[in-house]
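Asker: What follows is the residue order along each chain.
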Amino acid sequence: MTNNLRVKSSKFIDETYKISFKFNGTTYYGYKGDTLASALLASGIHLVGRSFKYHRPRGIMTAGSEEPNAIVQLHINTSRTEPNVRATEIEIYEGLEASSQNCWPSVNFDIGGINNFLSPILPAGFYYKTFMWPASFWEKYEYFIRKSAGLGRSPIEPDPDIYEHRYIHCDVLVIGAGISGIIAAKTAAKNGFKTLLIDEKSYLGGSTIYQNSEHFKINNQISSSWLEKEINEIKKIKNLEIKTRTSVAAFHGYNFLLARENLTDHLPLNQRNNKIRQRLLKIRSKKVINATGSLERPLIFDNNDRPGILLSSAIDKYSNFYGVACGEKNVLFTNNDSAYETAINLNQKGIKVEAVIDNREEVDSKLIKEVENNNIRVYKGYTVVNTSGYKRIKKVSIMKLSLDGQKIIGSKIYINCDCLGISGGWTPAVHLFTQSGGKLKFREEDQVFIPNKSFSDQISIGSCNGDFTLDEILSSVPKILKEFLNIKKSDFENLEVHSSFNKSKRNIWLLPSDKVIGKTKPFVDYQNDATAKDIKLALREGFRSIEHVKRYTTTGMGTDQGKLGNMHALGIISETAGSKMGELGTTTFRPPYTPLTFGTIVGRNVGKYFDIFRKTPIHDWHVENNAEFENVGQWKRAWYYPKNQENMHDAVQRESKAARDGAGILDASTLGKIDIQGTDASEFLNRVYTNAWSKLAIGKCRYGLMLNEDGMVYDDGVTTRLDENHYIMTTTTGGAATVLGKLEDYLQTEWPELDVYLTSVTDHYATISVCGPDSKKIISKVIPDLDLSNKSFPHMSFKNSKIDKIKCRVMRISFTGEHSYEINIQANYGKSVWQRCMEMGKEFNITPYGTETMHLLRAEKGFIIVGQDTDATMTPIDLQMDWIVSKKKYDFIGKRSLYRSDTIKENRKQLIGLLTENPDEVLEEGAQIVADINKSPVEMLGHVTSSYYSPNLKKSIALGVVRGGKSMIGQKLIIPMENKQINVTVADPVFLDKENKRLNA
Amino acid sequence: MFLIDCPYCGEREQSEFKAGGEAHIVRPKQPTELSDDEWAEYLFMRKNIKGIQFERWIHIHGCRKWFNVARDTSNDVIKVVYKMGEKPPTI
Amino acid sequence: MLNYTNVITEKKTYSGLQMDEIKPVMKLIIRGKKREFLSAIGKSLNLLLPTSANTSSKSEKLSALWLSPDEWMIYSNEISSPNNNHYETENLLNKNICKTNLGAVTDVTDQFVLINMRGDKIFDLLETGSPFNFNNFREKKGAVTQTILAKIDVIIHNQNQNEVNLFVRRSFSQHLFSWMNDSASRL
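Protein chains in written order, with the numbering used here: chain A, 4 to 1004; chain B, 584 to 674; chain C, 367 to 553.
Hints listed in this document are in silico derivations from the structure and should not be mistaken for laboratory results.
This one's a predicted model, so the numbers in the text were calculated from it and none came from an experiment.
One or more of the hints may lead you astray.
What follows is a list of derived Cβ distance ranges for each label pair [as the list claims (entries may be wrong)]:
#: 1; chain 1: A; residue 1: ASN497; chain 2: C; residue 2: LEU414; range: 51 to 61 Å
#: 2; chain 1: A; residue 1: LEU270; chain 2: C; residue 2: GLU376; range: 28 to 38 Å
#: 3; chain 1: A; residue 1: GLN871; chain 2: B; residue 2: GLY604; range: 22 to 32 Å
#: 4; chain 1: A; residue 1: GLN871; chain 2: B; residue 2: LEU617; range: 52 to 62 Å
#: 5; chain 1: A; residue 1: LYS938; chain 2: B; residue 2: GLU669; range: 53 to 63 Å
For every residue, glycine included, the Cβ atom is placed at its ideal position computed from N, Cα and C.
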């Protein structure tokens, strides 16, 4: 342990509650309320990581989510490990274990540090330039590049935590609970708006809440005391919901925002079980108030990245909020008044400030005076030109700036220190505003981008709107809110504000050095090790667009998304290129604002809730009878029913044979079913199907083919005429929803004059198909009252019936080519009817079969499956289904496309059958079909779409599509495989019972 | 994600809707009378505007009704929502 | 007799929430556009169909939910016998609506599973998976909405303070009910 740097008890830290944690294997102590960063600083630890490219030692630099350096891996080698956690955000808890990233073997001795000395040969774009040639070497380079790429290690075990999503709808969302946000939330809620206030920190009040200076007063109270009272009041307001530890990740159009609410990350591990770790809030707010504050800018000079160099405001927060001194000999370097607040605070706590270096020449304010009165040396018109100290800053060297700020003059002065605070002024946090599509404008006087135009109902207030001082905030915020919320009066008007802050600032993007730029390392992006030198190189090499420079130099592409350095990058580019900042634009800020875990994004959509499943009414029976299942769309369908350790092939062969020899039974409940009613129902069917429907008699069924307007096959199925104006249409399982959508589209938009109503009844019915030569005998036992004679109940007809007292519909239709019946009954009776069919069919060896056998049986008959034997390029003519296309009908969907120049070509891909030379050889579905293997390049004629071994024909059969295939019956073709060629003969696609004898057997 | 003001059900989240492409493309009454080029114009040719675009949307997870939307494709702001069969508004 | 096999077999109880299936309950989808259609329904059922969006009406025996300008769901307030699926209301409407070409009547009794939810945490559960804004809905007795819950289409009928009826297609119901229980266990 090093010396304790706790300087003063703070009310935000509970010193009675001691917490132990480990960092890089060593145990340290902190208090409840500490972040990992504040607890480490209290123990004198600054060096926490190594930079990405040069492996330079890096220390804690900020006290917030903008931290580029202090990113750690938590709980390495456990299921809860997480990389890239900002030490400045994670609150310590008993048992916390954190380790540095991007260093080996340790943060104190890192082999990769050699890159720092190699840096002259590692310029911007090094990887792009070096590993491009020769192209064939890429695979070798890749191995080494991958090894050194990336920050941190991703977890390899399943995440033990639970994540949740929640939708929130509110009238007003206030992002940020600093002084502006608190005023906004209170104003909105008091005026009856349902309000949500969120802040990424664990406490409310932003940076004002730990202000303790006589220089900033509201109504004659110190600003923090005034704000504390306001916070206590808003906690009591009923229509105001407050969420802390919640950060907005994304601000989309239409005021839709995503925020991560952190619920357990601050708790000891043993208190987290079965609790939701993080919740993704999906917020819809009528109005959004951005009160996201501002980020302090660093200053860009040679070696501005050493451990011990922090933002001046961070040093202020560590001392005021956490009661921690970042150093014992502090130097501050600034271009504005902010650093003087820090100097005064440190001085009051007895922390030594050696000097303040101010690049402004002629400047005076109450704050500066007070610093000078405390015998702290102020160097006006000076700049830091270099720093020294490898793992911790030891010394700064400063020189006088020329009047134009572009050069340095005079001689060097050295000042010893162990901590350097830098302040380059403030940048409004406009990230969320721009994510939502908002446009920025550039304010010349202090060189900041502030919100301008937005496309949703939102407003930016306080320092994210460019009002940085207390008096500016308190005079502008109430006015803006009154207008935005359309209210008459605000409690916050006419406050008496006292602020000593002087707004003057001297902005120099890249501070001059006594060395040539090539010899310096002024870091702009700390995390990705991009320096001002790299940006200038990119411009010399011809890059002009800010987006290109960003990608070439990787500036702003780390996990911190360039929160600190982006403005400087822009400034350096505009200065070097001689363009104006306002015209250059900015890079695009993309979500998430701070990194999100995958768990939060995914929420509960994992494991069994990863995807939706649908089950048929007979599902449980299939499970009880050992079925294997296949996913068809969202449905779980019985695939096959293995018996006595059968494999899939054996089961399917047995089921297929049984269905043709005796009886088979299939659960067809997944087929889409649409109830069609209305006086124009027949006319409607005429228009949507290729064949004619007007003459279909009541009680009869017909197969229909539906096309898209482009003439390609879209769906198929059997439709039954139940009554004069009443039909029931079946669709494919996968097409059910889209077919209904398409039909509604035509009814509502093209043919609103038709009197037709469509209602989905897919889930209302269980559909049980019993097929095979014995099917009639079985159905006659299941429904004894039904006349099954061919005369009364022929193929392609239907009857209303009852099983016990339950009404049902029975269709005599077939997808297997066998004599078969389809029972449609209300779903809740489906399982019972299925069981009765099994019981009644026992003596005929009724065999349940799944989708695989169904596919085999229909392939024997050459029946197509839409989506398997067709894609969106097959017309009915291509499928050799000319018979189903009505020549008489004037119009139907897709008719005109059937004689476009392309669709009437002779050599289109057409559906054919394929027989292998060796009857035992089964083709692979998807295999390519060629005629001449020696031609170069080999011409692909088509591919295999369906392929099975048929136990009924005792040979291999296949369907395929082949260019000009219709006229190739009998021709020999070749299927080239990886290690062989298979000879096939083109055949008629109907392999079995072409005369349809079995249908009436 | 947009909020879309369904002309029948009121304002709902985009996830309840499905987009259906450009609006006001009327299916020719007599397709057989058209040349290949004329039919192709109806079938394939679509505008892709930066600015106000008239589109069809269906409230697929709600009332299942189609309607038209005038949306500015440059910022996704929906200017007007109107029913099928109504004329496109002038914007 | 045929066995009646519904999907949800257990009543689930959590603090502030109870959920179970109510069955068998007759459900019909009725569709029509003409004024005569509305009056014929009114006369046949002694129930005025709601014509404003997202509302419902109720008689002693039936509830009618607005689904679309030309579509309503009518469901029985009483449970029927599982040994019989002939419904008087359906027969009556077939006669007075279908046969007279005024509109369409379709039996959807088993198309939808009716999940009854009671308790003060109903909307806390719905908010974990539905993008619908329930802020006004929850205060409005008789309000109806069709929306998505856990990516599944649902119809929600606000019965009363702390009681809603939720309709989901049967094939999705087991998945949805399981999801709802998973969510309820952490409210």
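Asker: Next, verify each hint and record whether it holds.
Answerer: Now for the hints, and whether the structure bears them out:
{"no.": "1", "hint": "ASN497/A <-> LEU414/C: 51 to 61 Å", "in the structure": "holds, 57 Å"}
{"no.": "2", "hint": "LEU270/A <-> GLU376/C: 28 to 38 Å", "in the structure": "holds, 33 Å"}
{"no.": "3", "hint": "GLN871/A <-> GLY604/B: 22 to 32 Å", "in the structure": "holds, 27 Å"}
{"no.": "4", "hint": "GLN871/A <-> LEU617/B: 52 to 62 Å", "in the structure": "violated, 33 Å"}
{"no.": "5", "hint": "LYS938/A <-> GLU669/B: 53 to 63 Å", "in the structure": "holds, 59 Å"}
Going through the hint list in order, the structure does not satisfy hint 4, though it satisfies all others.
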